[in-house]
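The chain contents come next:
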Amino acid sequence: MSDGTVHAIDVRNAVKRYGTFTALKSVSLSIKDNEFFTLLGPSGCGKTTLLRMIAGFEDVTEGEIFLFGDEIEKLPPNRRPVNTVFQNYALFPHMSVLENVGFGLEMLGRGKAEARKRAGEILEMVQLSQFSGRKPSQLSGGQQQRVALARALAPQPKVLLLDEPLSALDLKLRKAMQLELKHLQRETGITFIFVTHDQEEALTMSDRIAVMSAGEMQQLGAARDIYERPENRFVADFIGETNLINVIVKSKDGNRVLCGFENGLTLTCDAVPGIDVGQSGHMSIRPERMKLQQEQVEAENFRGTVIENVYVGTDVQSIIGLDGGMRLTVRTQNSDRGKARIFEPGSDVFVDVEFGSARLLAN
Amino acid sequence: MSKARFDVKSYPGFVQLTVLCLLILYLPLMVVAVYSFNASASIVNWEGFSLRWYADVFTGPESAKFKLAARNSFVIAIIAATVATAIATLAATAMIRGGKFRLRVLSLGLISLPLMVPEIVTAVATLIFFNSIGFERGLLTILLAHIAFCIPFAYLPISARMQGIEDTYEQAALDLYATKRQAFTRILLPLMMPGIVSGYLLAFIISLDDFIITNFVKGAGVETLPTAIFGAVKQGLKPNIMAISTMLVGFSIIMVTVSYFVGKKDN
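Protein chains in written order, with the numbering used here: chain A, 529 to 891; chain B, 797 to 1063.
You can trust all of the hints, since none of them are fake.
Cross-link-like lysine to aspartate or glutamate pairs, in silico, DMTMM-like; alpha carbons within 25 Å at most: (1) A/LYS602 / B/GLU966; (2) A/LYS640 / B/GLU966; (3) B/LYS896 / A/GLU601.
Keep in mind the hints are simulated off the structure, nothing from the lab.
Build the full structure now, drawing on both the sequences and the hints.
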């Protein structure tokens, strides 16, 4: 709030305790207006608890939550202008699709006729007009999902909360819905807060991501920042695939440091605050940021042998045994146009790490 | 073929045992039903088909007594089932939506205990209770006793139904700006309705058929259909009793069937 802008959601030092168990350890974050924001983390990390605290289904043990500047953490859920898309949709089974979508507006006192009219418009937006007379049980999973979305959007909430809404859909439908959600967010201009444990889903859809683990926020940033500049070992490991290597910082030259592996190899990378010469840390190198080649080109190329190739469709994953007994996973794109070549198991190769892609992480 | 091994129909003696069980259960009822159509006054010799005993129930010398008893029975059953169902609905809501509260298990036991206590014990206890507070016996004592023992019967189908309703429905209603009252009346109550109807019909039948407790707490000269039938049988068994009994069984079958189909609907 110090920059003068009003955030859609401001969570300040929010704590959630169940008896002696602490589900959320003092989380603070600001979500901008018109943002697609994702809370990402493994199950039990507190992401759903935080979402339910914003919705009003969980009490806030300590701390405050602001919605466009108004303090809301003490209000009951029906007094908060936010709506939720539930994981299991929670569509009212005894009401038609139209009645479901119009329910929120009716409860707001807009009158049955207006609620129905507006519900019809929203159903048109999610292309479900022809199903408005049906019961939810007569719809497919994907259609139910869209009805749940329409129902939550109909009262025009200031913030839309989505609790793993795509987890019950099959892969193809999920991919289509990811794009549809993103477009819907752009069209409506409503701030979306999306909870998921699927890192690929988070990277695809989000403007910004908060990675959570064990009730704490690990990192907050744009998708690209989270993936390319992880701030700690958990984030590097959780988001995408990576090679994590134990290293000791041997020397420092300006903002570059020389890191030594346990097998004696060395690699220079950008210095990070918190790790000085002589201290240990981890190095993260993404498999797609390395290249296999026949000849040594750079001084810091690693020599090794291809142990195994795993075909994964778009790429081939090669497991490389480095001299000195360490293993790296290298991804090579499956394309004749690519410059990189795929080597047979048993071939001697050199591993070239793309400049600037090795990331030093504090313990 | 491997599936057939787990099918109980493939066990030896299955058919014979099933037929035997059904006979033991229903042969007495079938005898009563068949002889209610007997043309003679005998209850053992068949002398041709006739509806005379059904006519006797409605127009015969005992018809006034039976009509009054039937009216009492239905009035009591309707009121007792209505009140018991309302209490059972509230009890189920508290037990299933009340979260964890102290003495929850004990409360559950207390609600279902009357199902396990021998009816004669409940009857004596109820009688002693009414006597000790000086409550004059009559229709009202029957009604109060029926309300009390019908509650657990109404509770069972209602709580079973409610257990299957996830609380996210009410959360969704609150999220969509409904008040707690609206969430209950617009969402939870309609979803519980099949269980409530089922519980109501069960309570109704239990009240309509009750003899033991009613016989203890009823005032002198106040009869319900079961106590009137019992009184008439003491004077000698006539086929008109069989006609009444057959009608009562037929009515119960209709009620239980309706209850079954309502309970099955939109599940």
